[in-house]
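Asks: Could you put the whole structure together from the sequences, leaning on the hints where they help?
2 protein chains.
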Amino acid sequence: MIGVVYMYGKLVKPQAMDTAMAFHRFHKELPFTAAEYGRRLAQTRAAMDRAGLDALLITDPSNMAWLTGYDGWSFYVHQGVVIQHDFDPVWWGRRQDSNGAVRTVWMADERVWGYADSFVQSTECHPMDDLAERLVYIGLERARLGVEMENYYYSAKAHSALSAAMPKATLVDATAMVNWERGIKSDEEILFMRRAAAISEKIIDGLVERVEPGIPKNEIVAGVYRDALHGIDGHWGDYPAIVPLLPSGSDAAAPHLTWDGRPFANGEATFFEISGCYRRYHAPFCRTIFLGQPDDTILRAEAALVEGLEAGLDVARPGARASDIAAALAAPLDRAGIARSARCGYPIGLSYPPDWGERTISLRAEDETVLQAGMTFHFMPGLWMEDWGLEITESILIRDNGPAETFCNRPRKLYVKP
Amino acid sequence: MIGVVYMYGKLVKPQAMDTAMAFHRFHKELPFTAAEYGRRLAQTRAAMDRAGLDALLITDPSNMAWLTGYDGWSFYVHQGVVIQHDFDPVWWGRRQDSNGAVRTVWMADERVWGYADSFVQSTECHPMDDLAERLVYIGLERARLGVEMENYYYSAKAHSALSAAMPKATLVDATAMVNWERGIKSDEEILFMRRAAAISEKIIDGLVERVEPGIPKNEIVAGVYRDALHGIDGHWGDYPAIVPLLPSGSDAAAPHLTWDGRPFANGEATFFEISGCYRRYHAPFCRTIFLGQPDDTILRAEAALVEGLEAGLDVARPGARASDIAAALAAPLDRAGIARSARCGYPIGLSYPPDWGERTISLRAEDETVLQAGMTFHFMPGLWMEDWGLEITESILIRDNGPAETFCNRPRKLYVKP
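Chains U and V supply the protein sequences, listed in that same order.
In terms of this note's numbering, the first sequence opens at residue 1 and continues consecutively.
In terms of this note's numbering, the second sequence opens at residue 419 and continues consecutively.
Some clues are possibly wrong.
Stated by the list, open to error - Below, computed lysine to aspartate or glutamate pairings styled on DMTMM-like, alpha-carbon distance capped at 20 Å:
hint	chain 1	residue 1	chain 2	residue 2
1	V	Lys831	V	Glu728
2	U	Lys28	V	Asp678
3	U	Lys28	V	Glu804
Honestly, the hints are just simulated from the structure, not real lab data.
Replies: Spelled out as structure tokens, the structure:
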């Protein structure tokens, strides 16, 4: 503050940075090593190279965090990270959020650019006008610039504003380019997911203990948050990218209902879709609790589902395809006469709301992606039938050899509390 | 289930509906009366009329819920509500989520349309292809169709897919058209906001009681969630659209940092930005707690800020302008030598992540919108300085006469715990 050159918010011509020499005003506790960020950036640049991109504008907060360490609930305004081949990444966002960026990104402070508050939710101008001016200034006027066309945080309007403000540039759809690079997890990432999984186990244990007839749902959710946020083994808990989902009885036919104040009731199944979160890494985990005596329909479904999960885990090995998991799951369900059309899983890892999936692979018949060691999925064969639902799921890691490892280790069954 | 015509997921030619006669498979507990939904729909249709729209595609989950009652965490896939002049609204989304829609929207079940799961996160096809086919089928091939260009849930790709699939239609930017109609709250809505505000007060009371040096932040956040979800006076608590924000010391310069596992420390101010939520309605409320003895800088800022808040509340009357509130706040801050460039508030009400604002009016010098009775704002003059921050804010209601009413009633001050 006193006497330092306070550059962010100002246009600064970028130079090739010696990061070790770079200026940082704040002590930072980055979640990952410099080597890990280096790997991520190198992979991303190689992908850009394959696509012939001069630069890449990242607006997915998960991709921003994965590449730079940026962490903050600021994604409700326009922001992004610009990746080039020869310069360190740039964080760009609202000026007041640049205060958060200089505290969380690994890049030097001058690689953090803030735009004026008058751009925020204005009908007169758009934050992309500011970004375009900066990109032109640093020589990207005629660039082939990748943008994430299919992302919550790159609106139709953002694209039209950026296109209009950079008429000589070529905007190329680079949706999921970075997401694909995130697919194979490093050891550092797997450690974080194991911590998230330990929190997930604790949440489910608490639910099995506490859910009883007459207890209102909102009180049970408060317990989920307590377990989620207290964390485990001295590791604090972060907020999950999706709130707990816990529909009961007939409502369990609907996969994405949240909660209300009604009490749990005897004779109903409730599925609990939750995830522990450790520094934005997730390990989603679902179990279903039946209060009372389940009928044959749900018990037969449980048996078929567990058989399908085990078959799926067994084929989930390097060299197999995403569709093989779906096929292994489908066979016992088909034999039990259970029609299921939804995909049965998706990759997981670092994420921000509104989704904890990576939005690349889908575990379904149409997806022929070859599995590789280090990939992580939520194997999620939820059954959402006409008037009941059942979720028994596993977050899994594809290993070098053998069947997939489950991140959580809890009985793979319908929990019945008579 | 047995013998009923199960129509959703199927293309059904719409007819003018007599809603009273319409078929509903499920008992629904809608948050609002039929008259209230009728008012909202009529206002929206009038706005469409003024803009010359034949139909309006709503993708903002807050607007979807406001118009139809739909509630679910399904906005991470493409979905929307189609408003026409002569037919009841249509809910359109992923087929598995249509199970949630028939349980939460006021329209008849045949006004709920589901698309096949193979569209989800596919690179071969886009959900908007499905929607376009349906819109053409019901006669909107050449329509002037409003779309929410500037919205998290209407991506650049969604717009390009819909445009390509409906080449004869005219897509018109209708960003915030519905949001503007939400500005003046009904008595039913104000009741919900009062309940949210009572929860906000409870959260802040709990923080003032529990925050002490040495207590880890994540544990304090668990307490915030407990108070938020337990609710108050028998009214259950919902999840807020933004997670609690609580940066301390120098980090409080950054408005949108979340939490970690570090303990609160003596000699530091921490601001708490939270909101109670009742059935998706919010009443954001911020207070700052100083542990130890605050220095003169922050005490002077507190005095100026409280004076500015009181001046702002006093001018916040029908007929005044948004900019008048900003000007009233700015005067004492200027006198205290505090430079503040960010807007100082925004409208609030019903919301889903990632934002609890309505994204219409901004309380700032450039905004000349005339205030009207029934408008509700988060009057939010956060101070985010170089190495400290201070938030003392109020959620307010513009009354017929006199200064604005604050939804929460707690001392408007810096809380000091020596």
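Asks: So, for every hint listed, does it hold in this structure?
Replies: Hints versus structure:
1. Simply put, Lys831(V) and Glu728(V) have alpha-carbon atoms about 12 Å apart, close enough for the 20 Å limit, and the pair holds.
2. With a C-alpha separation of about 13 Å, the suggested pairing of Lys28(U) with Asp678(V) holds against the 20 Å cut-off.
3. Distance hint between Lys28(U) and Glu804(V) is fulfilled; the C-alpha atoms sit about 16 Å from each other, no more than 20 Å.
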